[in-house]
Structures are given as structure tokens and as C-alpha cells.
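Assembly of the complex is requested from the two constituent chains, each provided in isolation within its own frame, with the hints serving as guidance.
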Amino acid sequence: MTRAGESYWLDVWRQFKVHKGALASAAFLTGVIVAVAAGPWLWPVDPQFIDVRARNAGMSLEHPLGTDQLGRDTLARVIAGGRTSLAVGVTAMAIALVLGTLVGVLAGYLRRIDGALMRLTDLFLALPLLPLLLVAILLFRDMLRSAFGPEAGIFILIVAVIGITSWMQTARVVRGEVMTIREREFVLAARSIGTSRRRIITRHILPNVMSPVLVSATLGIANAIITESALSFLGLGFPSDFPTWGRLLYDGVDYLQRYPERAMAPGLAISLTVLAVNYLGDGLRDALDPRIRTR
Amino acid sequence: MSRASVAEGPDGRTPLLAVEGLKVHFPVLSGVLRRSVGTVRAVDGVSFTIHRGETLALVGESGCGKTTAGRAILGLVPATAGSIRFGDREIRGTPESAIRDIRPAMQMVFQDPQESLNPRMTVLDIIAEPLDEHRKGPKGARRGRVMKLLDAVGLARSVADRYPHEFSGGQRQRIGIARALALRPRLIVCDEPIAALDVSIQAQIVNLLDDLQNQFGLAYLFISHDLGMVRHVADRVAVMYLGRIIEVAFCDEIYGNPAHPYTRALLSAVPMPNPEVERHRQRMLLAGDVPSPSNPPSGCVFRTRCPFAYDRCRTDVPHLRPVESGHFAACHLSE
Chain A
1 MTRAGESYWL
11 DVWRQFKVHK
21 GALASAAFLT
31 GVIVAVAAGP
41 WLWPVDPQFI
51 DVRARNAGMS
61 LEHPLGTDQL
71 GRDTLARVIA
81 GGRTSLAVGV
91 TAMAIALVLG
101 TLVGVLAGYL
111 RRIDGALMRL
121 TDLFLALPLL
131 PLLLVAILLF
141 RDMLRSAFGP
151 EAGIFILIVA
161 VIGITSWMQT
171 ARVVRGEVMT
181 IREREFVLAA
191 RSIGTSRRRI
201 ITRHILPNVM
211 SPVLVSATLG
221 IANAIITESA
231 LSFLGLGFPS
241 DFPTWGRLLY
251 DGVDYLQRYP
261 ERAMAPGLAI
271 SLTVLAVNYL
281 GDGLRDALDP
291 RIRTR
Chain B
296 MSRASVAEGP
306 DGRTPLLAVE
316 GLKVHFPVLS
326 GVLRRSVGTV
336 RAVDGVSFTI
346 HRGETLALVG
356 ESGCGKTTAG
366 RAILGLVPAT
376 AGSIRFGDRE
386 IRGTPESAIR
396 DIRPAMQMVF
406 QDPQESLNPR
416 MTVLDIIAEP
426 LDEHRKGPKG
436 ARRGRVMKLL
446 DAVGLARSVA
456 DRYPHEFSGG
466 QRQRIGIARA
476 LALRPRLIVC
486 DEPIAALDVS
496 IQAQIVNLLD
506 DLQNQFGLAY
516 LFISHDLGMV
526 RHVADRVAVM
536 YLGRIIEVAF
546 CDEIYGNPAH
556 PYTRALLSAV
566 PMPNPEVERH
576 RQRMLLAGDV
586 PSPSNPPSGC
596 VFRTRCPFAY
606 DRCRTDVPHL
616 RPVESGHFAA
626 CHLSE
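For the protein sequence lines, the chains are A and B, in the order given.
By the working numbering, the letter at position 150 of the first sequence is numbered 150, and the numbering carries on one by one without gaps.
Position in the second sequence (first residue = 1) + 295 = the working numbering.
Be aware that a few hints might be false.
[Stated by the list, open to error] Computed, partial: chain B to chain A, Cβ under 8 angstroms:
| no. | residue |
| --- | --- |
| 1 | LEU371 |
| 2 | ARG395 |
| 3 | ARG398 |
| 4 | ARG415 |
| 5 | PRO425 |
If you are wondering where the hints come from, they were derived from the structure by calculation, not from laboratory data.
By construction, the Cβ of each residue, glycine as well, lies at the ideal position given by its N, Cα and C atoms.
Pulled out of the complex, with its shape left as it was, chain B reads as follows (with noise of 0.2 angstroms):
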């Protein structure tokens, strides 16, 4: 199967969002001047698609590239490599200026809802920011437009003089959806957006985002390492080992039936509800660590840890290459 299956979507339409062979390579500087003695490959040749309304997971342990990813889409970091096609247009190499009028279209909410909030600014402020910038309607009706946001969110519309400070987790959390939904965009790239919060408030937020996507017709990327939550959220799921994806699939396609032997420890870690399930449920334990992203295997990257690794893939990199329709496996033993 050639790339550019890889990046048709489930029914064949142009997708939103279009990943091709995206890198994003960190320089190593060490020594007084500052000379670059290697490279940490963070995201190494990813290519995925996103289309209208979808939820794409990307998930993967930390450290793994899914971030660095998707703060690549947005032009956060510097990309080394690749094409980033939204719509129609390229954004890879653009300047700020020529991507500027897309912006609106692709937001981002953030992990850490602390984090991510300045402390010296009202939620109105917050909240409106991103209409200033851009200038979306009157003066008069920020005020009123940051008021339906609230609402959106679920947040009473009194709190919109307070700071970030006073809030709890939760709540932080949805004031960032909601400066992420203030321009109406179409794709938002939510990192790891329920990771930092408690399990209760967890489940609200992802209910939130939900109910947000059946509203405004939000496409997410979705980046988070809980395979737990993802089955709940996701269309289709992408799982991603040291900088590159090694399989991706329709959500329940990959939950039951994972062709990746890296996929399937994962899914053997994920706790079952089910307490009947969970005492039958067999882990399958990987050995060892990640390698370094700055001096990663030959072959296979994740050769060093697979229980099945053979001679092959110390020297072929394996492909993406269909498993069944729509779903993706890269690994010589799936082939």
C-alpha cells in the first residue's frame, strides 16, 4: 500500500488536516560554542490525517514525540521535515505573517491548566484574547461573546472578573477550551488536556469536549497517554513509539484486535472496571527503557524491547502497511 492510502481518510474525502513525513529534530549544543554534537530525533517521519469532525488519538509513553507533534502542527516548534497541509495550504515553512489569517482555525488547549493561563490576567481577558487578536466583531460584543463561552464551557458567567488563581483544576481546564473555542476553529489540538486533573473531573472535561465537537463540528487531536480515556474519545487512534507512529486504526479496531506487539503491551497495562475481567487480564511486561531519541536503534526502533524481534528488524525499518481496510501496522511480523 502506497503513503498516500495512508493519508486518505475512512471515506475518502480531502482531510482537514494532512501530516506527511513530519521531523522535528532538536540540535544537541554542547561546549562553549555552543556546537551542535548530535541531534535528538523527538519526531521522526510522522504522517497521519485528520478529517472534519474527527477525533484522531495520539498516544504513546512520555517522552515519545506526541507533544513535540503536535506542537509542530501549530507551528510552536520548528519543523525539520515534512509537509503540514491544512485545507489546502501548506504551513510547514510559512512565515508567522502568511499563516496568520489560519490561526483561527486551529487552537490548542494545554495540559497543565495552571500552566497555561496567565496569572495576571481576568478570565475576560483570557477568554477574549484571541478575539482581540484577531479582531473578530465589534468592541462592544466581546464582552457578550465571551459570555456564550462561558456558558459553552459550563462555567457560571459571574466568574468572568476573576483571576486563574481562584479555580480549581476542572474549571481552569475549561477556561482554556474556552480560549480555544473563541475563534470558532476547526481543528483543535488538545495536549494531554485531562492528564493533569483528577479522575472525577476527567470524565466531565472529555464529556465536555464531546458534547463540543457534536456542536461547533470540532475535529480534535487528540494527544494522551491514558488508552483508557482515548476508547472513550477517539475515532481513530495512532499510537506512537520514539518519534514515529507504529500503528494506527479505527478505535475499536485497534482495542480489540492490535497488530503492533508495542500496542499490545499497552493495551495490557490499561486497567479493566471490570473486576471479572481485570483478574484474567494478562500483562505483557516490555524489558527495558526507551532508547534515547538522540541515538535511536537501527531497523526497527523498537527492536531492543520487542519480545519478538528477529534479524530482520535489526536492518529493514518497517512501514506503515495495511493490517485490514483503514487500519495501519508497522512491523515486519503484521506483514
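Isolated chain A, as found in the complex (with noise of 0.2 angstroms):
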């Protein structure tokens, strides 16, 4: 990066540091990520060995957060069951992303094919997306179970619907923001250079609006998450034995009576964690937005 690359970015972190709770949020969720990814190196404990004399424990020091009906540590199972729920959460936010990019892009630099790309979004958009999900898992679940493992099979399968069914946002955003730089004079100086369209969209355009994608990801990220713990919450995510976040909420809501901190605990984990991803695209948007930065 040169000298002057350095000064847009501290630029925009000037600006992004201004913003307290996102910049709280930031460090919530790399600290999520961090004990997410070393969890089994931060808290040695198998999330699948079964305690049975350590049933229904509660908080103690040995199980900072209590088991569940079989023994199993809760911390280690949420541990676990963040890898799942933000792996989830980030591929499926790159699957719209990239499709919400190039729908929007086509839509927003080809006059000719914005309207039936833009009808299509408007398609996308009327679906009830949880009876949608809940129809494409039931159809395609065995199909890939057999062919990836029932894991990798259903991360595919849900990361898949979850990215195929989200990516409008992202488009209506780039199209509509693809269309006011299309106009800008150094689209027009490009053309006059005899730049051609595929290079005008890569060089001038796509640079251009990644920061409104940026946001769009942020939030996307936070509605895969939700998504994900929903259809867990179901029962139609992962299999029983392989905790997520949602599936921890599921299991975690029959014992809500006696032991509400089994819920409280992935329940609070989601919230938490939604909420400072979603400060984050709000932190990022105001950083990244020469406008709002002037202010």
C-alpha cells in the first residue's frame, strides 16, 4: 500500500473510532472469533463426552456454565456451536454477496436486462423465506447427506438456501449505487479512452461500491446467523449431536423452567453477537461514507 492508501484508511478509522459501540463491537466479536477458533486449545473439554454423573449440573468451576441433561459442558458446546453458527454465517454472507454483487451490477450497468433482473429481486423478495427453507431442506437433505456426510452435507444444504435466498438487499443497494457512478465523469472518460465495458466494471464501478457492500455484508452476516439458529430452532438444521447456536436454544428451551441459564447462555451468545455485527456495519457505513466522515 502506498503513502496515500495509508491515508484513506486511517481516514476512515479516524472516523470509525468515533463510533463507540462499534468500535466495542469490534473488539466483542474478535474476541468471539478468537475464542471460537482456539476454543479447544482455551477450554479443553470434548462438547460431545457425555458426563452422566455431572447431569444438570449447575454453574460450578468445573463447568463455568453448567452441563445439560447428559453431562455435556454448556461452554464448550457454545464454543463449539459458534464455529458452526459464524461459519455458517460468513460463507453464506459470501454467497449472496457475490450474487447480490454481479445481479446488481448487471442490473445497474445493462439497461437492457435491469428491468427483468430487477422483477426477478422483486420475485425473491415477495417469497416467505422460512416455509421456502424449510421445503428446500426437506427436499434436498437425504440427496446431500448421502453424497458429503450428514455434517457437511447440511452446512452445505443451509449455507446454499440461506445465500440464495438473501442476496436481494445487496442488490437493490449496488444496482442503485452502480447507476449513479455509470454517470460520473470518469466513467464517461474511461469510455472516451475506449475502455471497455468488462474493464470499466472491474477498474471503475466495483471499487467504487465496495463500501456499501462492505455494510450490505456486515448485516448479511447477522441475518445468516439468525437464520441459521431459526432452522435449527426447528429441528431442521444440523443433527442433534452437532451443536449450534440454535440447535443449544432448542435444546436448551425444554428445560427453560428449571434451568433457564441453558437457554440464556447460545441465546445470548446469538443476540450478542448479531447485535455487534450489526453496530460494526453501522460503524463501518459512517466510516466509509466521505459525507457523513466531513461531519
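Right under this line is the structure:
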């Protein structure tokens, strides 16, 4: 990176720091990611280990978040579940982002297919997502399970259905942004040079839509985590012995009256992570938008 | 006098650029079904020529179609009718791929240097973009060529790795000019290149354009509304009103002996630097506004604001006719 490039990102960082919520969220998320990635070393307890003598235990030094009805350590399960939930969130977001950016750029830049692509987007927006996801999972679960194994198969399925059904917001944002950038004089200058369409898109338009895309990416992660949790909560996500935050919540609900902390741990993890991701998106949007930055 | 002689230049040689009857109409779309309910005649039958090393200024108030005309010549907006000949090649209606090889010969400098430079690219990449696109020279020579261009436009070589937002307006315009020069063009369309700059910087940029013209033998189509500045730059001046050229003449001729009432009104609005002269300047004020280009007046487009309009102006469209050698005006009164 050059001196000037650094100064641009320094500028962004300076503005980002102003948003205390975003700063705290970034710190929290970093903590969550480190904990989830380094979980087995930080808390070397097997989340699948069944300790029948210690079942339904409360909080103790041995089990900081207690154990479940089979005696599995809740902290280890929350950490393992976070790994799945975050992986699903990031991967599904990446799929939605690529799809959304592709549709948005094509619709915004090529006027001829704009109408068709935007009606397609409207169609997807009008679909009731959760029933659609349930149908897709019922239809394809067994096929993918036999092809990739129970865990990988359901991971692919969930990531794909969430990705395919949540690209629309990104597409709309990108399309609007592309339409304004397309009319800017530097694009006109590129055309007068004789730059090809493909390179106008990759060199001039894409780098300039990156900031709204980045923002919609963070919000997309939050959405994907929630959708995965909802699916697992409905019992249609990962297999029952494979922890995710939504799955843990689902398991904890049965014991809500006697052991409320068992649902609270994954519930808090979901809520705080989603909140932090949303705050981070907010802060990024402010920091990347030069019109807000000057205020 | 026939149209052909309008196209002929001051010395009768084949012009570098010959524009004949250029029309650019934009449809006005309305309603849910985007039906065309009318047309905006942004440029409505414009003819002019530019010769090698010559500067033709296209002047007129905002909305008269001068920018659209400049963009149509480079194929950035589609021309509705007419002919645009560059050298011996017809450009209008030719697909982009077929005129790609003459792109290097025609370049453009834009009005707002902030807008016309991609904020995410370094100066080096901006100036080298035309070189990359047309693969001029080996890869290693790219940086060296950019350095030479930076020298030519009076920027320090050390700025190559910086971003546009770190520069002042005048410096940014120099970057824009360097980009336009990169492919050694023969014609540069300057679309109000100084309108967005401070007065002190305007003079620098105009002088730079002048130096570059002498150095590289460039021809300019200099689009401007600043008649005071045009006087210093142009060899010939074409005055546009509502999509048409209403007067063309050599620079001295048009400033000394304007034939069209509109030109006279424009010139009377230019402030004089000499206070003695300025005190006695007679303003010729025009009543009313420019009519809408989607519904231009019949006959002479200027008749609604012309203090000398009479019956014939309502019915007959005046064509460019010679007033003197090399001086043409479209006015019934100057016949």
C-alpha cells in the first residue's frame, strides 16, 4: 500500500473510532472469533463427552456454564456451536454478496436486462423465506447427506439456501450505487479512452461500490446467523448431536423452567453477536461514507 | 453560399474533423410504460470543421447543447443524425469496436477534474489507463511514459503514487490533461476545462493548453461559456443557441464585428479589464429565458428573445450564410 492509500484507511479508522458502539462491537467480535477459533485450546473439554454423573449441573468451576441433561459441558458446546454458526454466517453472506453484487452490477450497468433482473429480485423478496427454506431442506437434505456426510451435507445445504435467498438487499443497494457511478465523469472519461465495458466495471465501478457492499456484508452475516438459528431451532438444521447456537437454544427450551441458564447462554451469544455485527456495519457505513465523515 | 463551403476550413485543406448536420435528440419518456412523449433537441443540426493545430471554441449559455455536441463527437452519446468525419473516417453509427483504433487520436478533457478522476486510482494508474487499454509500448516503459507526461503538464514526478483527492483543482485538471495526452492525440475536446477552477488557476491551465498545442500540434474543440477566456484561446469561435450554431467566425472578427444579435448580446455581457472601457460598456440585455429544447420556437430559434425579430423570423429558419470571408451568421438581418 502506498502512502496515500494508508492515509485513506487512516481517515476511515479515525472516523470509525468516533463510533464507540462500533468500536466496542469490533472488540467483542474479535473476542468471539478468537474464542471460537481457539476454543479447544482455551477450554479443552470435549463438547460431545457425556458425563452422566454431572448432568443438569449448575454453574461451577468445573463447568462454568453448567451441563445439559446428558452431562455435556455447556461452555464447550457454546464454543463449538459458535464455530458452526459463524462459519454458516460468513459463508452464506459470501454467497449472498457475490450473487447480489453480480445481479446489482449487471442490472445497474446494462440497461437492457435491468427490468428483468429487478423483477427477479422483487420475486425473491416476495417469497416467504422460512417456508421456502423448510421445503428446500426437506427436499434436498437426504440427497446431500448421502453425498457429503451428515454434517458437511447439511452445512452446504443451509449455507446455499440462506445465500440464495438473501442476496436481494445487496443487489438493490449495488444497483442503485452502480447507476449513479455509471453517470460520473470518470466513467465517461474511461469510455472516451476506449476502455472495454468489462474493464470499466472491474476497474471503475466495482472499487467504488465496495463500501456499501462491505456494509451490507456485515448485516448479511447477522441475518444468516439468525436464519441458521431459526432453522436449527425448528429442528431442521444440523443433526442433534452437532451443536450450533440455534440447536443449543432448541435443546434448552425444554428445560427453560428449571434451568433457564441453559437457553440463555446460546441465546445471549446469538443476540450479542448479531448486535455487535450490526453495530459494526453501522460504524463501517459511517466511516466509509465521506459525506458523513466530514460532519 | 453552399453548406460545403462552411465545412471548408480557412485554407481549404481537408479538415481534421468535419461535423455535418449533427443532431442529438433525447426521447422524453413518461408513464409506467416509458412511452416516448416527445424529444429534447439538445443538438439540432450543427456543422463545423476543425483543422490540424487549430482551436475552435464552441460557446453558448448553459443548456445550449455544446457539451452534448462535444460528447457526441467522441461517441459518448449517440448522435441521432448527421455525419462526423475524423480524417477520412465516418464515426457516426460505427460500432465501438470499429473505431477503437482512432480513439487514441481523439481525447477529452472534462469540466470537473474532481469528478473525472476515479478516486480509487493513483495518478500513475489514471494517466496510464489509456496506455494500458491501447497497449502502447512495453510494460516497463509505462512508468517512464507517465513520468514524461507529468513533466509535460507541469506536475512533479513524485505525485505519481498519490490519489486524486490529495490535489487541488488545478493540479487535478493537469492530471486530466496528462491522461488525454497519453496516446498522443490529434484532437482534444476540452469540455469547459476551466469552468470549475479559480480565476488565477484558469490562466495557468489555458497557458498549459496553449503550450501543449504548440508542442504537440494539437487541435482543440474548446467548449466554454467564458467569452473573455475564449478570446485568448480560440482561432475560430462558433456560437451556439438552443442546439444550433448561429454564428461562426475567426476570433478577431467575432469579437470586433459580431453579426448575430445573440452574439452581440453575449459579448456585451463580458466585463472589460480596462476600467475606462468598462465604464462605457453598453449592456444589451435579453428579455425572457431560453426556450425549452423539447419545444423550440418555429423559424429562428432566437426570435422569442431577439429585439430585432420581424415576421420572417417566425416562418423561415435562417441558415448559416457568409457575412464576410470565413464569417458565417444565421440571421435574416445579416443577409
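A quick look at each hint next to the structure:
1. Hint status for LEU371 (chain B): holds, given a least beta-carbon distance of 6 angstroms to chain A, under 8 angstroms.
2. Interface restraint check: ARG395 (chain B) against chain A, minimum CB-CB distance 5 angstroms, threshold 8 angstroms, status holds.
3. Annotation: interface hint on ARG398 (chain B) holds; nearest CB of chain A at approximately 4 angstroms, less than 8 angstroms.
4. Annotation: ARG415 (chain B) was flagged as interfacial toward chain A, and the flag holds, the nearest CB pair being 4 angstroms apart, inside 8 angstroms.
5. At a threshold of 8 angstroms, the smallest CB-CB gap from PRO425 (chain B) to chain A is about 5 angstroms, leaving the interface hint in force.
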